[in-house]
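A.B. asks: Residues per chain are reported as follows:
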Amino acid sequence: MTALTLGFDLLLAAGLVWLGWQALFLPRRFAAVVHFMAFNLLMALVWVRLEAPDIALAEAAIGAGVTGALLLTALGRLPSAAAVGSHPQQWHRYWRYPAIFAACVGAGWLAWGVQRLPRPGLAAEVTAELDATGVSHAVTAVLLNIRALDTLLEVAVMLGAVMLVWSLGPALRPFAPATSLPGLPALSRLLHPLFLLVPTYLLWRGAHAPGGAFPAGAVLGAGGILLLLADRVGWMQQPRFKTLLRLLLVAGLALFLAVGLGGLLLTGTFLAIPQALAKSAILAVEVATALSIALMLMALYLYGEPGR
Amino acid sequence: MSLYYAVVAALLCGMAVIGLFRTDDLLRRILALNVLASATFLLLVTLARTDSGIDPVPHVMVLTGIVVAVSTTAAALGLTIRAHERRHEESQ
Amino acid sequence: MTEWHEALSHLLIVAGALFFLTGSLGFIRFPDVFTRLHALTKADNLGLGLLCSGLALQAGGLAEAAKIMLVWLLVLLASGIGATLVASTADACGIRPWQNRTGASREARREPHE
Numbered sequence: 001m002t003a004l005t006l007g008f009d010l011l012l013a014a015g016l017v018w019l020g021w022q023a024l025f026l027p028r029r030f031a032a033v034v035h036f037m038a039f040n041l042l043m044a045l046v047w048v049r050l051e052a053p054d055i056a057l058a059e060a061a062i063g064a065g066v067t068g069a070l071l072l073t074a075l076g077r078l079p080s081a082a083a084v085g086s087h088p089q090q091w092h093r094y095w096r097y098p099a100i101f102a103a104c105v106g107a108g109w110l111a112w113g114v115q116r117l118p119r120p121g122l123a124a125e126v127t128a129e130l131d132a133t134g135v136s137h138a139v140t141a142v143l144l145n146i147r148a149l150d151t152l153l154e155v156a157v158m159l160g161a162v163m164l165v166w167s168l169g170p171a172l173r174p175f176a177p178a179t180s181l182p183g184l185p186a187l188s189r190l191l192h193p194l195f196l197l198v199p200t201y202l203l204w205r206g207a208h209a210p211g212g213a214f215p216a217g218a219v220l221g222a223g224g225i226l227l228l229l230a231d232r233v234g235w236m237q238q239p240r241f242k243t244l245l246r247l248l249l250v251a252g253l254a255l256f257l258a259v260g261l262g263g264l265l266l267t268g269t270f271l272a273i274p275q276a277l278a279k280s281a282i283l284a285v286e287v288a289t290a291l292s293i294a295l296m297l298m299a300l301y302l303y304g305e306p307g308r
Numbered sequence: 001m002s003l004y005y006a007v008v009a010a011l012l013c014g015m016a017v018i019g020l021f022r023t024d025d026l027l028r029r030i031l032a033l034n035v036l037a038s039a040t041f042l043l044l045v046t047l048a049r050t051d052s053g054i055d056p057v058p059h060v061m062v063l064t065g066i067v068v069a070v071s072t073t074a075a076a077l078g079l080t081i082r083a084h085e086r087r088h089e090e091s092q
Numbered sequence: 001m002t003e004w005h006e007a008l009s010h011l012l013i014v015a016g017a018l019f020f021l022t023g024s025l026g027f028i029r030f031p032d033v034f035t036r037l038h039a040l041t042k043a044d045n046l047g048l049g050l051l052c053s054g055l056a057l058q059a060g061g062l063a064e065a066a067k068i069m070l071v072w073l074l075v076l077l078a079s080g081i082g083a084t085l086v087a088s089t090a091d092a093c094g095i096r097p098w099q100n101r102t103g104a105s106r107e108a109r110r111e112p113h114e
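Chains as they are written, first to last, in my numbering: chain F, 1 to 308; chain C, 1 to 92; chain U, 1 to 114.
Take these hints with a grain of salt, some might be off.
Stated by the list, open to error - Cβ pair distances, simulated, as ranges:
(1) U/Pro97 with C/Asp24: 34 to 40 angstroms
(2) U/Ile95 with C/Leu3: 47 to 53 angstroms
(3) C/Glu89 with F/Ala176: 17 to 23 angstroms
No lab work stands behind these hints, which were simulated from the structure alone.
The C-beta atom is built at its ideal place from N, Cα and C for all residues, glycine as well.
Okay, chain F solo, but in the shape it has when bound:
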C-alpha cells in the first residue's frame, strides 16, 4: 500500500469518525441530520475503496438520498427540542459514566478481537456454482438465486414496514411552500427521463457487472420521491386507484413467491430454479422487485395512507 492510498484511507476514516461524532452529539438537530447524510455519502466512498461496488450504488441512493429525505421530513414535523414532553425518560446521572466506560471497553475489545473472527471465504464455492445460476456476476447470483430466500423475506419485511406506516393514519399533508417554486416541477420534469433510463441500465447491467435490482429500485424510488415533492403524483391520492396501488405494491413479493412455488412444482424444493429457466426467471424477479421497491420507498415517504 503506497503512501498516497494510505493518506487517502486515513482521510476517509478520519472524515467518517468526525462526521459520525457530529451526527450523534451536535446540539442542533438539523445540523446532526445533515452531518448524518454526509456520513452516508462518505460511507459510499468507503464501499468503493473496499471493493464492494454493488453496496456503494445502493448506499449512495438509499442511505444518502432516501434516508436523508425521510429524516428531513420528520424533522420538519417534530417540535423543537425545548418543547415540554419531548423527553421520554431521564437517565440516572450516576449510571451514565459506567455505561460510557462499558461501551468504550466493548469497542476496544471488538477492535482487538476483529482479527480473530473467522473468515469462511465462500468465494470459491460461489464461483463453482456460477454457471448454473444463469447470471455471470457473483453478487447477483447469490442475491437472486443461491440465497433467494433472504431476498424474498427482505421484500416481505419492507412490505410489513409500509403496512405499519400506512396503518398509523392518513398521509401527512405537505406544508404549503413559503413562495411559489416553479423550479421544482421543472427539475423533476428535466430529470425524469434520466430517472427512468438509469435504473433500466442498472437492471440490465446486474447480470454481468455491479448493479441489479436493489440499486435500480433505489434510484427509481429516489426519482419517485422527487416527484412526490413536486406534487406530480396526483393519482396516488385518488380513491379510484386504491386497488391498483395496493396491487402494484404487492406485485414484487407475489411474483417472487410464484417463482418459488413454480420451483417447488418443477424440482421439489422451494425457490430452486431449474437451470434452463434461471436467466429469464431471475430477470422477471429483478424487474418486479425493482418496481416494487421503488413504489414502497415512495409509500414510506408519504408517512401515511394516501386517499383518505
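Chain F is already provided as a structure; the job is to place chains C and U on it using the hints.
C.D. replies: Okay, now just chains C and U, sitting in the frame of chain F:
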C-alpha cells in the same frame, strides 16, 4: 487495510452505543441506531476480504441489511411523528 | 495515451481541487445565505467541471468520457435549481441580504463628488 477499516468500524460502534445512551431525544436515537447499523455493515464487509478472493455472501447480507435498515428507520420515524402529534393534541 | 494527455489531466484535476477548496473557504467565511449559495454553486461547480474534464481525459473511451461529463451536467442542473429554491424561500421567509456596515457612510461620501 481491512484490519484498519475494522478498527474504524469498532470505534463507530462504540460511539453509536454511547450516543444511544446519552440522549433522550427519539430522533437522535434513530440516528444512533443508523450509525450502529452502518458500523456493523462495515465490519461485515471487511470480513469478506479473504486471501482466496472476495466473498460475495457478506456483500449480499449488507445489501439486504441496508434496505431493511431504511424500512425500519421509516417505520420508527412514522411512529415518532404520530407520537408527537398525539402528545401535542393531548396537551391542548 | 500520450504524455501531454496525462499532464493536462493532472493539471485539470489539481485546478478543480483548488476551486473546491476556494468554494469551501467561501462557504465557511461568507456572512449570509445568499453569498454562501454564490460560493457553493459557482466555485464548486466550476471545480467539478475541471475535475470531470481531467477524469474524462483519462477515461477508457468516448462512452466513459461522455458518462463522466453527464455527471457534471446533472450536478449543474440540480445545484442551480436547488440554489434558486433555497434563495427564493429564504427571501420569502424574510431573511434580508447582508449589508456592508459602512454602506451609509459610503453613500454620504459619494454625494459631494457628484
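A.B. asks: If a hint holds in the structure, say so; if it doesn't, say that too.
C.D. replies: Results for each hint:
Range check, U/Pro97 to C/Asp24: Cβ separation about 39 angstroms, and the 34 to 40 angstroms hint holds. As the Cβ distance of U/Ile95 to C/Leu3 is approximately 49 angstroms, the hint placing it in 47 to 53 angstroms holds. At roughly 21 angstroms, the beta-carbon separation of C/Glu89 and F/Ala176 lies within the given 17 to 23 angstroms, and the hint holds.
Of the numbered hints given earlier, the model fails none.
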